Amino acid sequence: MELLSNIAQYTGWVYPNETVFEWSVLIAVYPYLTGLVAGAFTVSSLYQVFGFERLKPVAHVALLTSLCFMIFVPTPLLLHLGHPERAFEATLTPHWTSAMAAFGYFASFYVVLLMLETWFAYRPFIVRQAQTRKDLLGRFYRLLTLGSYDLSENAMRYDKKWIFALAVTGIPAAHGLHGYVGFMYGSLKSREWWSSDLMPVIFLFSAIISGVALLIVIYVAACKLRNVPIDLACLKGLAYTVWAFIMVALVLEGLEFANIVYKGREGVEMIMQYVTGPLLVPYFVLQFGVGAITPLLLLSYMIWRGTTGRALVVGVTLCACLVLFSVFMMRWNVVIGGQEISKTGKGLLSYNPLILGKEGMFVAIALIIAPIVTLLGLSRLFPPFEEKAT
Amino acid sequence: MNEKSKPSLDARRAFLGKLGAATCTAGAVAGAVALGTLRSAVAKAEPAPSGAKGESGAAAKSFPTPNYDWTKHQWAFGVDATKCIGCLRCVEACKRENDVPRNAHQFRTWVERYVYLEGEDSAHIDSQQDPVNIRASGSEKEYRFANRYKDVKVDKAFFVPKLCNHCTHPACVQVCPVGATYKTEDGVVLIDHEYCIGCRYCVQACPYGARYFNEEKGVSDKCTWCYHRITKGLQPACVEVCPVGARIFGDLRDKQSPISLFIRNNRVAVLKPESGNAPNVFYVGIDKEVN
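Residue numbers (numbering that gives the first Met the number 0), protein chains in the order written: chain A, 0 to 389; chain B, 0 to 290.
FYI, nobody ran anything at the bench for these hints, they're computed from the structure.
Heads up, a few of these hints could be off.
[Stated by the list, open to error] Derived coverage of chain B by chain A (criterion: at least 3 residues anywhere in the stretch with Cβ under 8 Å from a Cβ of chain A; other residues may be distant):
#1 168-178
#2 192-206
#3 248-259
[To be verified] Okay, derived cross-link-like pairs now, DSSO-like style, lysine-lysine, Cα gap no bigger than 30 Å in a straight line:
#4 155(B) - 345(A)
#5 82(B) - 231(B)
#6 152(B) - 262(A)
#7 271(B) - 155(B)
#8 254(B) - 231(B)
#9 55(A) - 160(A)
#10 216(B) - 82(B)
#11 188(A) - 262(A)
#12 345(A) - 231(B)
#13 152(B) - 188(A)
#14 159(A) - 55(A)
#15 287(B) - 357(A)
#16 345(A) - 140(B)
#17 155(B) - 140(B)
#18 71(B) - 345(A)
#19 188(A) - 271(B)
#20 345(A) - 287(B)
#21 82(B) - 254(B)
#22 71(B) - 152(B)
#23 262(A) - 149(B)
#24 182(B) - 254(B)
#25 71(B) - 140(B)
#26 235(A) - 223(A)
#27 345(A) - 254(B)
#28 182(B) - 271(B)
#29 71(B) - 182(B)
#30 216(B) - 231(B)
#31 82(B) - 345(A)
#32 182(B) - 188(A)
#33 149(B) - 287(B)
#34 231(B) - 71(B)
#35 287(B) - 188(A)
#36 55(A) - 235(A)
#37 140(B) - 357(A)
#38 160(A) - 235(A)
#39 271(B) - 287(B)
Here the structure is a predicted model, which is why all the values come from computation and not from measurement.
For every residue, glycine included, the Cβ atom is placed at its ideal position computed from N, Cα and C.
So that you can see chain B by itself, here it is in the shape it has in the complex (with noise of 0.2 Å):
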């Protein structure tokens, strides 16, 4: 029987054996995708998407791009309302570019329409969102303004792009009750989307009217400056469409860059002085009636 049976069992070892090697094989295989799961997980949750508070001057995890290093930037914006023809890729561009829902009541940047016309004292101001314009458009989800003054006599009108000001002291993140909406070290006032309860106080005690409410998500949104581009090194994505130069972006670091240069050679003003929120967008070229 010994004998019979020999090759069988051979067989059998090097079946198991090979079994065995194969388990090996697979059980490392599965760790170490486990682990490279959970390495990109944690990875994933350090920067969270829509920002999170990362260390100071960590140069090597920063969020939300490798290598960035958010205490040697000190970033602004600039808005030079003379330039603004009002054709609204900037407003189209932001939503795009930043998963804004596409309606007519939501958005990270604006631009606002104030035409005087002759024998009026004040100006007639609106902005994309109007039902008009809307008609004009014939779409919420695409912007134009409206030919509504073809008929009267306009004195003077002009376009004002808006968006957060990235104030140097937020009321919004004074506000937060639990610190979802921080400022960054680059001067950027960020929210991070993993945190934030979706109370809306922050929505309430923005003066400039900056940020909206994402029912879909649950939380609130506003306009990051795009912070996931300015850190690669390229411009907000409604700087980068703006076809006149009215919107201004940099590093107030560099004295030699175009915000740097925007504010040193020009008059420059800022919404709401008053609120003490201290806004990090410059206009030059609004009018008393522009708040």
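Bound conformation, chain A alone (with noise of 0.2 Å):
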């Protein structure tokens, strides 16, 4: 009889139907995925688009890094449903005042053009392979030359238009699809923790901050593993622009907070009451102190230092493992925060998350971990460092 696997526990007075906590910690975990696709093809965009020669060495494997993070964006979802069985008919039938509806649309868009740009990008490569290779391998790389073997340098030019036509387009796409993941809980009007204008706005720019940390996590962590020296130049680069884009994540987030407290709707002590209690570590203390001004402070000390070498890449990597902490915080303290206020405005929840079970803490971080590992078996077809290392 007894089914119900999240139970919450409350004080003041909430709904009853509130006592059950629908949305999972898989729930935080999807904007998650979603923010770190779009901050990564940020990166390759910077490259492909705008020119930023010195992100070069990343402009690969940020690409690679995006298709296999977006390849499990639906995974949490499709956990999360009652019927995932049906979960095409969103597709199929979709129900176009609901911002969720687009979402089918929005991510095979998405994928599609991924996997287009990543084809161009590697055709070099893979028409390379399909012609020296003569294994299994050789076989799987000239099917992916699509019968195409033509790399003249007429053929070159032809694909970096195209390259170029991807990376522009995919830049809204990105953004479209990761500030439509904001405005799913923005445009909601029955928790002021959630109903604000900036809501899709803040998700965007974390999403960049939390991909370009992902990306110097990778990019130094791939160097290591294949015992190559780190581009430095790239690597300040990446930097950059965390530091610049942390900088407008940490303000947009300050102004949500300020506008709630200043407005002081109904309901407002409760928030108070909230992110003073049980949410002053992972609101202030984790997510604003230890995962953005943290970073944003030695960042900026670094640049203003001019910090080199072996200090530099050891600092940068500690402050992007920072964002990358403090992204994910943010997207718990706004799925799972939003859902600890109650309706009522007089009462507080707090979430227990399972450990086990198909929305458990271990699928959770499963999840968060499997891209990684497509990645680096993708990597193995694909190699994303194949210059450098030649």
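Starting from two chains that each stand alone, build the complex the way the hints lay out.
Shown next as structure tokens:
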């Protein structure tokens, strides 16, 4: 009889139906993954479209990372659905007034775009492999050439045009996808914590910093693993990008919070009680203090002092890890935090994350690690650092 | 040989004839049964048990009651909080009538108790699901309000029944990605359980906490004003069992219906009007803290 797995403890007055927590940690993982996708794509676009030459060493891995994370974006949603077998209904018979209805279109358009751009970016490599390899993998690459072996200057120019066009299209697509995720929360009027016009933009900027931070970690780790010197100019470029965007992200989040407090609408007392109580550590200490202000200060210091060499690598990587953590905490504080403040404005709930089960913490962690494992596998087939290595 | 074998040939012919006839009959019966099953399956698929979209004005095959025309009604609900005694028969009746999980966490309707103690500015609010009240009833399947304020001075106290507001602009319908939840022509918000994907966006979007997620069925659920009853001319179960007439239901198209009279004769309020949802449950006798 007792099937409920996510009963929440509460204080004060909450609606009876609220005592079951409906959006679990997986719904926090979902915007985290889309954010990483959008952020990683931003890096590849900075090189492909905006001509940031110093980011060239990570341009390919940025694309691959974006693709690998995108593949896993729907999984937390599917695991959460009461009827995952009906998931396609949202695409086949979308109800257009719902912010969620367009997800299938946004996501599949973006996956196709990513695959196309990756294909164009790797075409010279695929063709060379197809021509030289005679084994099973050779057959795989031959299949991937789609019959086009032309690597002439003319063809490469044509490819470049395509890459440019796809990267240009990809910018609004990636950012639209993530801004739209923010809109899903921001457009709900039932919760004061979510209902904000700034929400999509906040999601977007936190997405960018998380994606760039991820690339820093991946790039440094990849260089260490391959025993290759780290291109400090590239690393600095990435660090500047994080530094610039983290300020915008911080200002936006600060504005958002200031708005809630200053407007002081009904239920604000409960919000204040919440942020100074249960949310004090996850929100102010972890998300803002440790995850955002510390890296901002550290990066500012390193830029000011012109830090270079090993200290730069360690400092920037540390900052990147902190930013990755901060953005996850931001997703958690929005998704879980929003539900912990009762719709009555007179009570607080507390989420007890499950450890096991399909919506448990293990699955959540696995879903964040899975794209990285996929990336490892995919980078064997499509080496992202080929030019540097040779 | 011919002469001898003739009778047996006849017998064989007769046997085969009979067999053929039997096969034909069996086939016809089986066919008819299959057709019947198919027809009933189709009929079932059209009006799904928990609500399915019917054709506007289609009286013949309307959901869920034959010959019910949803263009001819406009249902609405009234709550007279001054009458409610907090007996919670409505909550229990609703759970039984609508197969709502018998636990202390999921309700299609509930009753809130507001108690202002002497010298205090804000109300103490609880509902039947509160652990203290569950302890008093002794079971998660039965409900009563514990007599928890007997030793203190109470300034003011009242009960407020709650349920889905069947809003004119329902936020839940707006956010449903597949259109599984929808507004009927007669003003009721229903959920098609055969189509709901179980994303729970509607649960989040409802400002009133009226929806819950049925884990067993994997779909969202909420009050339907007992659509299966009202389309047959009956009252919703909660209205039917209320011993004091605190719950009023009827058709706004009928100017003499209980709800029309209730709205006309009282100054009514709705919950959270600022949401823009335009609720269709009208209250009398609620206080500033009720939302």
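Going through the hints against the structure:
1. With 8 residues carrying a beta carbon less than 8 Å from a beta carbon of chain A, the region 168-178 of chain B meets the three-residue requirement, and the given coverage holds.
2. Under a criterion of three residues with beta carbons nearer than 8 Å to beta carbons of chain A, the stated coverage of the region 192-206 of chain B is upheld, 12 such residues being counted.
3. For the region 248-259 of chain B, the assignment as covered by chain A is violated, since 0 residues bring a beta-carbon within under 8 Å of that chain's beta-carbons and 3 are needed.
4. Straight-line distance between C-alpha atoms of residue 155(B) and residue 345(A) comes to about 19 Å, which keeps the hinted pair within the 30 Å bound.
5. Restraint check: the Cα-Cα separation between residue 82(B) and residue 231(B) comes to about 27 Å, which is no more than 30 Å; the hinted pair holds.
6. Between the alpha carbons of residue 152(B) and residue 262(A) the distance comes to roughly 36 Å, so the proposed pair goes past 30 Å and is violated.
7. At most 30 Å may separate the alpha-carbon atoms for a hinted pair to count; residue 271(B) and residue 155(B) meet this at roughly 22 Å.
8. As the CA atoms of residue 254(B) and residue 231(B) are separated by approximately 20 Å, the hinted pair is consistent with the 30 Å bound.
9. Using a Cα cut-off of 30 Å, the hinted pair residue 55(A) and residue 160(A) holds, with the two alpha carbons roughly 17 Å apart.
10. Using a Cα cut-off of 30 Å, the hinted pair residue 216(B) and residue 82(B) is violated, with the two alpha carbons roughly 36 Å apart.
11. In summary, the hint linking residue 188(A) to residue 262(A) is supported, as the alpha carbons are separated by about 15 Å, within the 30 Å threshold.
12. Note on residue 345(A) and residue 231(B): the hinted pairing is violated, with a Cα-Cα distance of about 40 Å set against a maximum of 30 Å.
13. With a C-alpha separation of about 38 Å, the suggested pairing of residue 152(B) with residue 188(A) is violated against the 30 Å cut-off.
14. The suggested pairing of residue 159(A) with residue 55(A) holds, with an alpha-carbon distance near 14 Å, which does not exceed 30 Å.
15. The hinted pair formed by residue 287(B) and residue 357(A) fails the criterion: a straight-line CA distance of about 42 Å is larger than 30 Å.
16. This hinted pair checks out: residue 345(A) and residue 140(B) have alpha carbons roughly 26 Å apart, not beyond 30 Å.
17. Restraint check for residue 155(B) and residue 140(B): the C-alpha separation of about 29 Å stays at or below 30 Å, so the hint holds.
18. For the suggested pair residue 71(B) and residue 345(A), the alpha carbons sit about 41 Å apart, so the restraint of at most 30 Å is broken.
19. About 11 Å separates the Cα atoms of residue 188(A) and residue 271(B), which keeps this hinted pair within 30 Å; it holds.
20. For the hint pairing residue 345(A) with residue 287(B), the CA-to-CA distance comes to about 13 Å; that is within 30 Å, so the pair holds.
21. Between residue 82(B) and residue 254(B) the CA atoms are separated by roughly 23 Å; this keeps the pair inside 30 Å, and the hint holds.
22. Between residue 71(B) and residue 152(B) the CA atoms are separated by roughly 51 Å; this puts the pair beyond 30 Å, and the hint is violated.
23. Taking the CA atoms of residue 262(A) and residue 149(B), the gap is about 40 Å. The hint is violated against a cut of 30 Å.
24. For a cut-off of 30 Å, the pair hint linking residue 182(B) to residue 254(B) stands: about 23 Å separates their Cα positions.
25. About 37 Å separates the Cα atoms of residue 71(B) and residue 140(B), which puts this hinted pair outside 30 Å; it is violated.
26. Of the supplied pair hints, the one linking residue 235(A) and residue 223(A) holds, its CA atoms being roughly 17 Å apart against a limit of 30 Å.
27. Using a Cα cut-off of 30 Å, the hinted pair residue 345(A) and residue 254(B) is violated, with the two alpha carbons roughly 38 Å apart.
28. With a C-alpha separation of about 20 Å, the suggested pair residue 182(B) and residue 271(B) falls inside the 30 Å cut-off, and the hint holds.
29. A distance of roughly 15 Å separates the Cα atoms of residue 71(B) and residue 182(B); the hinted pair therefore holds under the 30 Å criterion.
30. For the suggested pair residue 216(B) and residue 231(B), the alpha carbons sit about 26 Å apart, so the restraint of at most 30 Å is met.
31. Annotation: proposed proximity of residue 82(B) to residue 345(A) holds, straight-line Cα distance about 25 Å (limit 30 Å).
32. A hinted pair counts as satisfied when its Cα atoms are at most 30 Å apart, and residue 182(B) with residue 188(A) qualifies at roughly 19 Å.
33. Between residue 149(B) and residue 287(B) the CA atoms are separated by roughly 24 Å; this keeps the pair inside 30 Å, and the hint holds.
34. For a cut-off of 30 Å, the pair hint linking residue 231(B) to residue 71(B) stands: about 13 Å separates their Cα positions.
35. A C-alpha spacing of about 20 Å is found between residue 287(B) and residue 188(A), which places the hinted pair at or below 30 Å, so the restraint holds.
36. In summary, the hint linking residue 55(A) to residue 235(A) is supported, as the alpha carbons are separated by about 12 Å, within the 30 Å threshold.
37. Annotation: proposed proximity of residue 140(B) to residue 357(A) holds, straight-line Cα distance about 28 Å (limit 30 Å).
38. Between residue 160(A) and residue 235(A), the direct Cα distance comes to roughly 28 Å. Compliance with the 30 Å bound is thereby established for this hinted pair.
39. Of the pairs offered as hints, the one joining residue 271(B) and residue 287(B) holds, with about 11 Å between alpha carbons and a cut-off of 30 Å not exceeded.
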